[in-house]
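Assembly of the complex is requested from the two constituent chains, each provided in isolation within its own frame, with the hints serving as guidance.
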Amino acid sequence: MTTTALKNPSEAERQLAERFARQKPEVAQKAAFEAFGRTGLPHRRMEQWKWTDVRQAVPELAPVTADADTTIELPSNAVKLSFDGTAWTIPDELPAGLNIFLISGGHDFAQADALPVGALAASMTGHSGKDMLMIEVSAKVDRPLVLSYHGGDDAAFSRVVFVVREACHVDIFEHYSGGSGFSSFLTEFGLAEGASANRTLLQEASQQEVTAITTTAHLETKAAFTQSALAFGGKLCRIETHLEHKGEGAEATLNGAYLAASGYHTDFTTHVTHGAESCVTSQLTKGAVADGGRGVFQGKFLVPRTIGQFTDAEMQHQALLLENGAEIFAKPELEIYADDVECEHGNTSGQLDEDALFYMQQRGIPKPEARALLTEAFIAEALEKAHEDVRAQLVEATRRFLRNQRGG
Amino acid sequence: MLKLDNLTADVGEGDGRKTILNGLSLEVPAGEVHAIMGPNGAGKSTLSYVLTGRDGYEATSGTATLNGDDLLDMEPDERAAAGLFLSFQYPVEIPGVPVMTFVRAAINAQRKTRGEDEISAPDFIKKAREIGQKLNIDADMLKRPVNVGFSGGEKKRLEIFQMMMMEPRFAILDETDSGLDIDALKTVADGVNALRSEDRGMLVITHYQRLLDHIKPDRVHVLAKGRIVKSGGPELALQLEKEGYDGILGEVA
Numbered sequence: 013m014t015t016t017a018l019k020n021p022s023e024a025e026r027q028l029a030e031r032f033a034r035q036k037p038e039v040a041q042k043a044a045f046e047a048f049g050r051t052g053l054p055h056r057r058m059e060q061w062k063w064t065d066v067r068q069a070v071p072e073l074a075p076v077t078a079d080a081d082t083t084i085e086l087p088s089n090a091v092k093l094s095f096d097g098t099a100w101t102i103p104d105e106l107p108a109g110l111n112i113f114l115i116s117g118g119h120d121f122a123q124a125d126a127l128p129v130g131a132l133a134a135s136m137t138g139h140s141g142k143d144m145l146m147i148e149v150s151a152k153v154d155r156p157l158v159l160s161y162h163g164g165d166d167a168a169f170s171r172v173v174f175v176v177r178e179a180c181h182v183d184i185f186e187h188y189s190g191g192s193g194f195s196s197f198l199t200e201f202g203l204a205e206g207a208s209a210n211r212t213l214l215q216e217a218s219q220q221e222v223t224a225i226t227t228t229a230h231l232e233t234k235a236a237f238t239q240s241a242l243a244f245g246g247k248l249c250r251i252e253t254h255l256e257h258k259g260e261g262a263e264a265t266l267n268g269a270y271l272a273a274s275g276y277h278t279d280f281t282t283h284v285t286h287g288a289e290s291c292v293t294s295q296l297t298k299g300a301v302a303d304g305g306r307g308v309f310q311g312k313f314l315v316p317r318t319i320g321q322f323t324d325a326e327m328q329h330q331a332l333l334l335e336n337g338a339e340i341f342a343k344p345e346l347e348i349y350a351d352d353v354e355c356e357h358g359n360t361s362g363q364l365d366e367d368a369l370f371y372m373q374q375r376g377i378p379k380p381e382a383r384a385l386l387t388e389a390f391i392a393e394a395l396e397k398a399h400e401d402v403r404a405q406l407v408e409a410t411r412r413f414l415r416n417q418r419g420g
Numbered sequence: 002m003l004k005l006d007n008l009t010a011d012v013g014e015g016d017g018r019k020t021i022l023n024g025l026s027l028e029v030p031a032g033e034v035h036a037i038m039g040p041n042g043a044g045k046s047t048l049s050y051v052l053t054g055r056d057g058y059e060a061t062s063g064t065a066t067l068n069g070d071d072l073l074d075m076e077p078d079e080r081a082a083a084g085l086f087l088s089f090q091y092p093v094e095i096p097g098v099p100v101m102t103f104v105r106a107a108i109n110a111q112r113k114t115r116g117e118d119e120i121s122a123p124d125f126i127k128k129a130r131e132i133g134q135k136l137n138i139d140a141d142m143l144k145r146p147v148n149v150g151f152s153g154g155e156k157k158r159l160e161i162f163q164m165m166m167m168e169p170r171f172a173i174l175d176e177t178d179s180g181l182d183i184d185a186l187k188t189v190a191d192g193v194n195a196l197r198s199e200d201r202g203m204l205v206i207t208h209y210q211r212l213l214d215h216i217k218p219d220r221v222h223v224l225a226k227g228r229i230v231k232s233g234g235p236e237l238a239l240q241l242e243k244e245g246y247d248g249i250l251g252e253v254a
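Chains as they are written, first to last, in this note's numbering: chain A, 13 to 420; chain B, 2 to 254.
The shape of chain B in the complex, shown without the other chains (with noise of 0.2 Å):
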């Protein structure tokens, strides 16, 4: 599914520019959710913004390839038509576009680069309320502009809302956790683990263990200095926990 082999990225322009990703591989199979751990500046929303296409974020060597499809290749739309989603860690605002404006446009325009029909509108109704419903949205945020006035736990849940309502092949949940409460938490993690499926694979990138508690990863893997230096199953969330970065770095290195 997703595959990235060496993969290296700059970030920043001119002489502020430098190398964050340095020889990132990484693959995760169909039907599997990894974790990705590390501490601050080691280079993990990087990684979330170079695998989606974001100007400024640029992959100077090595592949990342969705299903064989060369994501490097693409435009960020394009990426998203082929079945890329990234949850962001601080989703933005879109003033004068309300929520069912916006998802609707953005479903048909991935339908339509791929040549599909688009969703009709009694379905795209009833599939909102049903997801809706699942995540504790109303109907009246959904008719609000896009994240205008949100709380950030509403944000969160708007995220995960939206990657319910794609039904993304692969998708990318950058610090899905920060700013929500306890119940929050697993109201949104429900959300992902109802998408766990057989030909869906997820990356789930995040600081603590808490968010791991309720969904629950195949493989874990440490990102350090733009690469991955240490992988295992979910007992290595629980070893960060209690040793620190530190503590793994230190043996690693």
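If we strip away everything but chain A, and leave its shape as in the complex, we get (with noise of 0.2 Å):
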């Protein structure tokens, strides 16, 4: 009984069971459950979780009333997929080197164990045949992709796989604007020899929704990622991403901003393990936090001995409190066994330049504009690698996002 993995479950870890022993699991879907049953919910008592606690703000499984959601104006020959919360919805027209396939069935996730709520997702899906993608990428694809996922009720799980073929590319925009009480959205890509993904994502959700947007990415000899993401935050959201670096001379970046209103909580951690030689990281997130939210930066650099060696890497988190009572948790940590590498990391959390808006105020700029310039500004910086079709709407939603707050 897998349902007996869960000890003392709170009601939502039950409702969760409940959900899961309607489907006819297969071993990997089974595997994935009990993975996540091993912990249940993630919550403050264990170390990646202290400050995103997903049992505390999960009780229970409920239905939301989505808000309304920003609308970005997407290029006219995107590829346009859609979630609704339980199914997907694919274009009937792919272009060239594009294939997608909805999966039905148990696909192993081995990162079970550590990414706990993305286990959730993989044990969710692939029973309907409707919630599970394998993405193939077989050309340089010059349509960007767009995956839209809104909505799903009480609780909502998708899986999309990506499979990036030697020397291949794809660029890939993925809007997740909520709708459902509890979400947890599990995305794989594997970039094999010289493949290549451009990754940007825009997160919102209501004050009353939990998000999980877990990630994971194998790079193979001389791939390239780039992550950027733009998160607003829920009552809770978790945006977690784990890179391994598997083939010699692979690149990743990863860059995020995160902003936290009043009740919002929003997390970015994120795992790079540089299991090759010669493999380049670089992430820079920044944030920018109201009164009464909170951020979340946990970023973690594993270097191995030997087969790390020749790692360059740089970890960079920048975090302005706009006003007294925000909140900002940070984490940042090397972990470096090679000898022959350059990993570097910098972490700063603070306040707004007050001689900067003092000059900006006596060129007449009034105060609360001087300070939304200078925040969008230093957010801006960390979506400077985002898809250039909609890098000007996520800096434009964050100008919105900061002409709301008092500043003070």
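These are calculated hints, taken from the structure and not from any lab test.
By construction, the Cβ of each residue, glycine as well, lies at the ideal position given by its N, Cα and C atoms.
Just to be clear, a hint being listed does not mean it is correct.
[To be verified] Pairs of lysine to any residue, SDA-like flavour, derived with a Cα cap of 20 Å: (1) A:Lys142 with A:Arg34; (2) B:Lys144 with A:Arg403; (3) A:Lys312 with A:Val292; (4) A:Lys92 with A:Arg403; (5) A:Lys397 with A:Arg155; (6) B:Lys226 with B:Leu237; (7) A:Lys379 with B:Thr114; (8) A:Lys379 with A:Asp367; (9) B:Lys113 with A:Arg415; (10) A:Lys379 with B:Gly116; (11) B:Lys156 with A:Asp365; (12) A:Lys379 with B:Ala106; (13) B:Lys144 with A:Glu393; (14) B:Lys156 with A:Glu366; (15) B:Lys45 with A:Asp367; (16) B:Lys231 with B:Asn41; (17) B:Lys156 with B:Asp182; (18) B:Lys226 with B:Tyr58; (19) B:Lys113 with A:Glu381; (20) B:Lys144 with B:Met101; (21) B:Lys217 with B:Arg170; (22) B:Lys144 with A:Ala368; (23) B:Lys156 with A:Asp367; (24) B:Lys187 with B:Glu131; (25) B:Lys187 with B:His35; (26) A:Lys397 with B:Pro96; (27) A:Lys397 with B:Gly97; (28) A:Lys397 with B:Arg145; (29) A:Lys379 with B:Asn109.
[To be verified] Rough simulated footprint, nothing fancy, chain A against chain B, three-plus residues with beta-carbon under 8 Å: (30) 50-60; (31) 84-95.
Here's what the structure looks like:
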């Protein structure tokens, strides 16, 4: 009995177990649910979740009334896929080099133990034949792929597996706009030799919603993965990315910007393993948090002995406390066992420069506007590598958010 | 135009609070350029911050008006919209905000406060190009974030660029000559002189005579211990250069 794996289940965990019990799981899904069951919904007594307590935030599965989300104008040639909380809708016609398959049945999720909420998504998907996709990229696809996530009632789960073939390329824009009380979305990237993916991600949710966006990425020799994420959080939002360099000379860029208004919680967690020589990781995370908001950054670079030689990795986290009462929790970690590497990290949290604010005011810019302009410029730096078709709109969304904060 | 009457101001907070301006009176009529000279610690920079409304620089008594409007009652951005411009002694870096974006935002914010229409993009760009040429500021510099990575001379030229773009009714130049070589000093002075007009006043704060060789003041005032202790024509600056502050201050004391 898989449900017995959960010790002293909460109401939400009991509901999840019931939901799982209604399925006809295969071995891989059972294994994933068992992995989830070993911890249940992650909570503050788990080191990796000490600042983001999902169990407490989701006492039970309950539907929400979805807020109006940001409208993003998409390029006319975009390949649009949408997930309504239950099923994916895929366009009939796809460009050459792009194959999309709806998957049913179980598929192993190797990192289930490290990623319990991702494991939950892996256990809950693949039963209906509508909520799991395999996207195969076998060319340099010049049309951006857009994945929209919206809706789902009390709980939503999806799993998407990208397979990017040798020397192929894809641009992806993912828009998560809430609509479900609790959701867990799992995306896995496998990048073959010389393959590349540029992923841009926008997350929004109402203050009632708990969202987990879990990503794994495996990079073979000289593969390149670029991620730019802008997250506004929710009651709780965890955007967790685990990346492994598996082939020599792979390159990863993991940029992100989190914003948290009063009552919002936004968490960026990343884990990068330099499992091959001469790989490059560049990570820039920026945050801006208002009174009553919480921002979390946890970043880890693991550089093993021998195989991690000649690693070049830099991690920067910079956060602004927009008001008194804002909270930011940060834990940058470098765990380095190789001896010939270049690894740097920096971590700052502070307030806007008063001298700069006065200078701007002296030139005629009212203080709230000066604050917004400075903060926007600060955040925008982390979005410089976002897909050019949406970059300006992400900055615009940031600007709207900042205009709505009191400042002070 | 600018009228200061018996202005007293404190700087700092709590136990560190000190009276720096101590009954300062001064009038600069429209169309004139006045210079303020004085030893270190006389209150020169404090005067510029009190007039522009920086936090921590508080006028405790007296008045300061620009064309009859009470400056002390306004927010710093309202003072700017009323036409008051300060060329900073130490211009501040604004990371991530390009010069063109910043200057346009500032001009439009001032116009909005005054109830005027925004400047059109083509007009703005044309004006920026023309003024940039006069000040040896190239297009590349205008695309860079404000003052970030600029040399001391570039920062000062950018202050004058902004002043010429904004066409303030009254400008305070706080030690604009510091950090400038001879050629840059000439460029900056040419910019300032180009703005001299019947309806505009200027206050040039400086330690040295050399800026006043290029920007000829109508009047020179000596500031010491928070008040004007001596006023005269341009010859007073030359006398200061020769005799030093001790000579002049000894004379009035």
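Checklist entry - Are the Cα positions of Lys113 (chain B) and Glu381 (chain A) separated by 20 Å at most? => result Between Lys113 (chain B) and Glu381 (chain A) the Cα gap is close to 13 Å, so the pair holds against 20 Å.
Checklist entry - Within 20 Å, alpha carbon to alpha carbon, are Lys187 (chain B) and His35 (chain B)? => result holds (19 Å)
Checklist entry - Within a Cα-Cα threshold of 20 Å, do Lys231 (chain B) and Asn41 (chain B) meet the stated pairing? => result Roughly 16 Å separates the two Cα atoms, so the pair holds.
Next on the checklist: Lys397 (chain A) and Gly97 (chain B) were given as a pair; does the straight-line alpha-carbon distance stay at or below 20 Å?
Outcome noted: Since the Cα atoms of Lys397 (chain A) and Gly97 (chain B) sit roughly 15 Å apart, the hinted pair holds (cutoff 20 Å).
Next on the checklist: So if I understand the rule, the pair passes when the alpha-carbon distance is 20 Å or less; does Lys144 (chain B) with Glu393 (chain A) pass?
Outcome noted: holds (15 Å)
Checklist entry - Are Lys397 (chain A) and Pro96 (chain B) close enough, with their CA atoms no more than 20 Å apart? => result Roughly 18 Å between the alpha carbons, so the hint for Lys397 (chain A) and Pro96 (chain B) holds.
Checklist entry - Has the given pair, Lys379 (chain A) with Ala106 (chain B), been kept, meaning a C-alpha gap of at most 20 Å? => result holds (13 Å)
Checklist entry - Can the restraint linking Lys379 (chain A) and Asn109 (chain B) be considered satisfied, given a maximum Cα separation of 20 Å? => result holds (14 Å)
Checklist entry - If you draw a straight line from the CA of Lys156 (chain B) to the CA of Asp182 (chain B), is it 20 Å or shorter? => result Measuring from Cα to Cα gives roughly 13 Å; hence the hint holds.
Item to check | Distance restraint between Lys397 (chain A) and Arg145 (chain B), which requires alpha-carbon spacing of 20 Å or less | outcome: Given that 20 Å is the threshold and the Cα spacing comes to 18 Å, the pair holds.
Item to check | Distance restraint between Lys144 (chain B) and Met101 (chain B), which requires alpha-carbon spacing of 20 Å or less | outcome: holds (6 Å)
Checklist entry - Given the proposed pairing of Lys45 (chain B) with Asp367 (chain A), does the C-alpha separation stay at or below 20 Å? => result holds (18 Å)
This entry satisfies every hint, going by the numbered hints stated previously.
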